[in-house]
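Engineer: In case you want the letters, here they are:
Number of protein chains: 2
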Amino acid sequence: MTVSRTICLGFLVVIAVGTILLMMPFANSAGIWNDPIVSLFTSASAVCVTGLVVADTGTDFSFWGQLLILLLTQIGGLGYMTTTTFLILLTGKRFDLRHKRAIQQALDRPGISGSSNIIRSIVATTLIFEVTGMLLLLPVFVKDSGWQRGIWLAIFHSVSAWNNSGFSLFSDSFIRYQSSALLIFTISALVILGGIGYQVILEMFFWLHARWNGKHETLTFSLGFKVATSTTIALIILGIIAFSLVELRVPERFGSLSSYERFLIALFQSVSTRTAGFNSIDIYKMSNAGLFIVIALMFIGASPGGTGGGIKTATLRVLTSCTKSILQGKEEVIIYERKVSNSLIFKATGVLIGSVGTVIISTVIISITDPNLPFIQILFEVVSAFATVGLSTGITAGLSSLGKIILIITMYIGRVGILLLMSSIFGDPRPTQIHYPEESLLVG
Amino acid sequence: MTVSRTICLGFLVVIAVGTILLMMPFANSAGIWNDPIVSLFTSASAVCVTGLVVADTGTDFSFWGQLLILLLTQIGGLGYMTTTTFLILLTGKRFDLRHKRAIQQALDRPGISGSSNIIRSIVATTLIFEVTGMLLLLPVFVKDSGWQRGIWLAIFHSVSAWNNSGFSLFSDSFIRYQSSALLIFTISALVILGGIGYQVILEMFFWLHARWNGKHETLTFSLGFKVATSTTIALIILGIIAFSLVELRVPERFGSLSSYERFLIALFQSVSTRTAGFNSIDIYKMSNAGLFIVIALMFIGASPGGTGGGIKTATLRVLTSCTKSILQGKEEVIIYERKVSNSLIFKATGVLIGSVGTVIISTVIISITDPNLPFIQILFEVVSAFATVGLSTGITAGLSSLGKIILIITMYIGRVGILLLMSSIFGDPRPTQIHYPEESLLVG
Ligand SMILES: [K+]
Ligand SMILES: [K+]
Numbered sequence: 000m001t002v003s004r005t006i007c008l009g010f011l012v013v014i015a016v017g018t019i020l021l022m023m024p025f026a027n028s029a030g031i032w033n034d035p036i037v038s039l040f041t042s043a044s045a046v047c048v049t050g051l052v053v054a055d056t057g058t059d060f061s062f063w064g065q066l067l068i069l070l071l072t073q074i075g076g077l078g079y080m081t082t083t084t085f086l087i088l089l090t091g092k093r094f095d096l097r098h099k100r101a102i103q104q105a106l107d108r109p110g111i112s113g114s115s116n117i118i119r120s121i122v123a124t125t126l127i128f129e130v131t132g133m134l135l136l137l138p139v140f141v142k143d144s145g146w147q148r149g150i151w152l153a154i155f156h157s158v159s160a161w162n163n164s165g166f167s168l169f170s171d172s173f174i175r176y177q178s179s180a181l182l183i184f185t186i187s188a189l190v191i192l193g194g195i196g197y198q199v200i201l202e203m204f205f206w207l208h209a210r211w212n213g214k215h216e217t218l219t220f221s222l223g224f225k226v227a228t229s230t231t232i233a234l235i236i237l238g239i240i241a242f243s244l245v246e247l248r249v250p251e252r253f254g255s256l257s258s259y260e261r262f263l264i265a266l267f268q269s270v271s272t273r274t275a276g277f278n279s280i281d282i283y284k285m286s287n288a289g290l291f292i293v294i295a296l297m298f299i300g301a302s303p304g305g306t307g308g309g310i311k312t313a314t315l316r317v318l319t320s321c322t323k324s325i326l327q328g329k330e331e332v333i334i335y336e337r338k339v340s341n342s343l344i345f346k347a348t349g350v351l352i353g354s355v356g357t358v359i360i361s362t363v364i365i366s367i368t369d370p371n372l373p374f375i376q377i378l379f380e381v382v383s384a385f386a387t388v389g390l391s392t393g394i395t396a397g398l399s400s401l402g403k404i405i406l407i408i409t410m411y412i413g414r415v416g417i418l419l420l421m422s423s424i425f426g427d428p429r430p431t432q433i434h435y436p437e438e439s440l441l442v443g
Numbered sequence: 000m001t002v003s004r005t006i007c008l009g010f011l012v013v014i015a016v017g018t019i020l021l022m023m024p025f026a027n028s029a030g031i032w033n034d035p036i037v038s039l040f041t042s043a044s045a046v047c048v049t050g051l052v053v054a055d056t057g058t059d060f061s062f063w064g065q066l067l068i069l070l071l072t073q074i075g076g077l078g079y080m081t082t083t084t085f086l087i088l089l090t091g092k093r094f095d096l097r098h099k100r101a102i103q104q105a106l107d108r109p110g111i112s113g114s115s116n117i118i119r120s121i122v123a124t125t126l127i128f129e130v131t132g133m134l135l136l137l138p139v140f141v142k143d144s145g146w147q148r149g150i151w152l153a154i155f156h157s158v159s160a161w162n163n164s165g166f167s168l169f170s171d172s173f174i175r176y177q178s179s180a181l182l183i184f185t186i187s188a189l190v191i192l193g194g195i196g197y198q199v200i201l202e203m204f205f206w207l208h209a210r211w212n213g214k215h216e217t218l219t220f221s222l223g224f225k226v227a228t229s230t231t232i233a234l235i236i237l238g239i240i241a242f243s244l245v246e247l248r249v250p251e252r253f254g255s256l257s258s259y260e261r262f263l264i265a266l267f268q269s270v271s272t273r274t275a276g277f278n279s280i281d282i283y284k285m286s287n288a289g290l291f292i293v294i295a296l297m298f299i300g301a302s303p304g305g306t307g308g309g310i311k312t313a314t315l316r317v318l319t320s321c322t323k324s325i326l327q328g329k330e331e332v333i334i335y336e337r338k339v340s341n342s343l344i345f346k347a348t349g350v351l352i353g354s355v356g357t358v359i360i361s362t363v364i365i366s367i368t369d370p371n372l373p374f375i376q377i378l379f380e381v382v383s384a385f386a387t388v389g390l391s392t393g394i395t396a397g398l399s400s401l402g403k404i405i406l407i408i409t410m411y412i413g414r415v416g417i418l419l420l421m422s423s424i425f426g427d428p429r430p431t432q433i434h435y436p437e438e439s440l441l442v443g
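Sequence order for the protein chains is A and B.
Numbering (numbering that gives the first Met the number 0) for the first sequence: 0 to 443.
Numbering (numbering that gives the first Met the number 0) for the second sequence: 0 to 443.
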């Protein structure tokens, strides 16, 4: 079986098992059987770390149901991080999704002794950050909810944040904690680090390690590191400015807050919007301009090799660098003094076209199945599902069954990636040795 | 001055002259001075052959005002067709927008004796089609409005259709003629031929000429011809299917029509939506799904070297072929057994990113200046302006002044093209001889 098929089927199997378990009475807070569509939606949303909900996680599910959702999230997040990290290691060689053997070869590179080592290292990194996050969140939740519930809240939200899942046990996400600096900074840090990719964390660790040991020789960061960090920082700043200018100036809604509190909101929404899907302000009260900015940020998403979704920062960077090159009349695309290969540019273009196509088709279908909803809410919901964000203007639970199923499919496509899914369906390409002459076209 | 600067400034100058003339009392049906913003908007809309209106062309402007609008349309359409045709001829060599000398060289190629010949040929082609269209439309209009007004209506709408301008002397565009086969087929043919590009018409003419003279040697069509014709046909069929499935099934609105009449509507809307901007059904009554399909079709637009707008069929084809290549694991992008050069792929990507960026920024600004409008209407209006389509859900005249100015800028950017505009602003690129090593990234 090809690698892409393994990944696609793997996610399907976990979603199916999760659905069956979530349907059972032990998962329901009233001890009754859960609706199949609600269970399927919740399982898919958890495994794809989307966080869109058609039932209130904190009240409709029992403790065991909540734990199950958390486990599905953890499996989905870890699974995605692991597989994409392997794919990144592969890109050192000629990029090919399809051959398992190639992955084994990649793992035999100097410095990496085997696949089990990488998996162990990813699991350890995950645990370290989740436990640290849990300890930092503890004082906030214990103060409000006592020790027993406080510990559960801290564990749940730390795991949820690291995996960028966006599930929350509060029906209003973090609106009640919008001014709690400790919670906002902890959750934001978990979201950013979980979404920035394992490779980046590893290189950061090596750098800190070298510094600590007083080694001052220059440590070269990879192109992936530079692109992920710089694009993430730029997008966070852009998001803060956009939210401050467009949303937070409404005096009726935010006039009573200090500028520091407004900064906390803008920071949290900027960080969380691109993929985590928590919110500290009401999404359904946002203006059209604000919602559209959120849609754009969601669509871009997190970085490759992390737990987040979207077309990814690297894809955006390749595409914008391509645009810059053509404006400068250059024949090559250069990022940080490194040439970007043609196949990478093709791939970025393919990701964009496939993603836009998926969003358009889903949006049209849901516009037909649920014709009375405002268009911006449908587009918002579809992009949120596709980019595994989980923000919503509140229409999820009220969608028709067909609309919900379209959203489930969108979440799944968004998670495994449109190109990977296609290559898993169409299988191995037939290699061709025919070369054709070049001919030009006028575009644009 | 660079070619790109000449083109950008040329459009600006014609728009400015048009604005001043349209402000004057002779252009107004009541003989008073026209509002400056209305005049600027109308002039920009005419020169960019967009067809969005903030005043009713048929009643608010005098005959002389209407004639002026028609002349501005003809100058804008011919000017665009001529310049883009030169750019297409240029693409035979290394593509470069910037050097006038290169264009002169291109015109010295065998078979083309000089730039004046091409311009003369384009003007002649335009006149032939416009007069033919006028004669075909005559019976329809003369029957309803008598000879004097009938002739004027036939001239105006034939010129408007060939230039894909979408201006109409009827306040409801062609809704009253939705079942008139002669009008629908004539306007559709003018729109398609005007939008498909001069190069395609020329090759078609050569082919017919060879056939007529009984020469049966195989005539090779250019890649541009194949891409423009096949993509146009595919999009027209796709549009007919989409409109039939999504819009025309509503029994309250279309139940009284025969299936032939419904086909006429679907055909006309499919043809007209991608760039002409006429309509034979009420746009503001369309469903969200229908409007979103229209937005997608508008954004794609017509073919290069014609009078239409949008990102162009060739750009779409390069991008989708690129996606297909990466799915097939190929290292080259092939269209009709011709290799597509890397710089062409970069350019198509640049056009897409620049266009999406322009639409996003315009939509966000108008969402802020006119916060009470439904989002889909704003997005629709912006894409319609950008792709020089001119369809509207009816919000144009009611927009705030700032909103109107943003639309004017959007029309202008959409017409000259975002890449051409950028290169005219930033001027000649500094050539670089530095070569960087390749490094890979994981995208998507
Ligand atoms: K999420
Ligand atoms: K038009």
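Treat the hints with caution; some may be incorrect.
Below, computed lysine-lysine pairings styled on BS3-like, alpha-carbon distance capped at 27 Å [stated by the list, open to error]:
(1) A:K323 x B:K338
(2) A:K323 x B:K329
(3) B:K338 x A:K329
Honestly, the hints are just simulated from the structure, not real lab data.
All of these numbers come straight from a predicted model, not from anything done at the bench.
Engineer: All the hints need checking, so say for each whether the structure fits it.
Structural biologist: Each hint, compared with the structure:
1. A:K323 x B:K338: It holds: about 23 Å lies between the C-alpha atoms, which stays within 27 Å.
2. A:K323 x B:K329: Holds - the C-alpha atoms of B:K329 and A:K323 are around 25 Å apart, at most 27 Å.
3. B:K338 x A:K329: Distance ~20 Å between B:K338 and A:K329 Cα, so the pair holds.
In terms of the numbered hints stated before, the structure departs from none.
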